[in-house]
Amino acid sequence: MQKIITSFFLITSLAVFSQEREVQIAAEIEPETIYHRDISKNEVSIGALNLVAFGALDIAYERIITPNTSWAVEAFVLALNRDSEDIAEAYRKDFSLTGKFKYFFSDRTAWGFYVNGLTMISTGENEETFFNSDGSFQTETENYTDLAVGFGLGGKFVAKQGFLLDLNAGIGRNLFNSQSPTIIGQFGVNLGYRF
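Numbering of the sequence shown is given in my numbering, commencing with residue 2 and proceeding in unit increments.
No lab work stands behind these hints: they were computed from the structure. Treat the hints with caution; some may be incorrect.
As the list claims (entries may be wrong) - Cut-off 25 Å, straight-line C-alpha distance, at most; resulting in silico cross-link-like pairs (SDA-like, lysine to any residue):
#	residue 1	residue 2
1	Lys161	Trp112
2	Lys161	Tyr62
3	Lys161	Phe114
4	Lys42	Ala160
5	Lys161	Val74
6	Lys161	Val78
7	Lys42	Glu126
8	Lys42	Phe188
9	Lys42	Ala170
10	Lys42	Leu168
11	Lys161	Gly56
12	Lys161	Thr124
13	Lys42	Asp108
Please read all numbers here as calculations on a predicted model, not as lab measurements.
Please construct the entire structure, taking both the sequences and the accompanying hints into account.
If you want it as structure tokens, here you go:
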């Protein structure tokens with residue numbers, strides 16, 4: 002009787018182990034679903050916040066280097082309502098070209114929270130107000146071109162099909178021209194597509 006019970010447990014154990022191993026092998030063979038966002042390396046986006054709120058055209062191209070790193074080039078042009086006071090307060094630049102290197106803290110490809118280093122070449126007009134000795138004041142406008150370096154942070158979220166939302170902010174310091182703003186800022190809500 003003991004031999005029969007031992008044989009029964011041995012056969013049952015082998016059958017269960019065999020089924021578990023078949024399920025494990027099937028899981029290893031079955032390919033993982035690969036989405037468009039995980040294999041594509043290029044992105045284009047437009048700064049929706051700047052376009053809607055200030056009439057500024059803000060276009061970006063980004064290239065994914067590794068799953069955790071990418072570089073980007075952004076062009077900013079103050080296109081509409083150039084004489085508006087709202088724009089003058091928000092932006093003291095007319096044109097800028099910004100390069101960024103981003104590092105992502107996620108297991109997904111160029112996704113989630115990131116930090117970046119940036120360099121920006123910008124041009125614009127700087128207005129200064131002077132008070133004269135007779136109590137009146139005058140305003141002088143001078144053009145500038147300058148180079149800034151800085152850093153930023155943000156979060157990028159990419160849908161399976163490749164559509165993306167990038168929320169970002171950055172700050173930097175202009176280095177060479179005394180007529181340029183000392184501190185530069187970047188704030189963006191970019192909508193785009195990874196291809």
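* To do: Would you list, in rising numerical order, the hints stated earlier that this structure does not obey?
  => Hints 6, 7, 11 and 12 not satisfied by this model.
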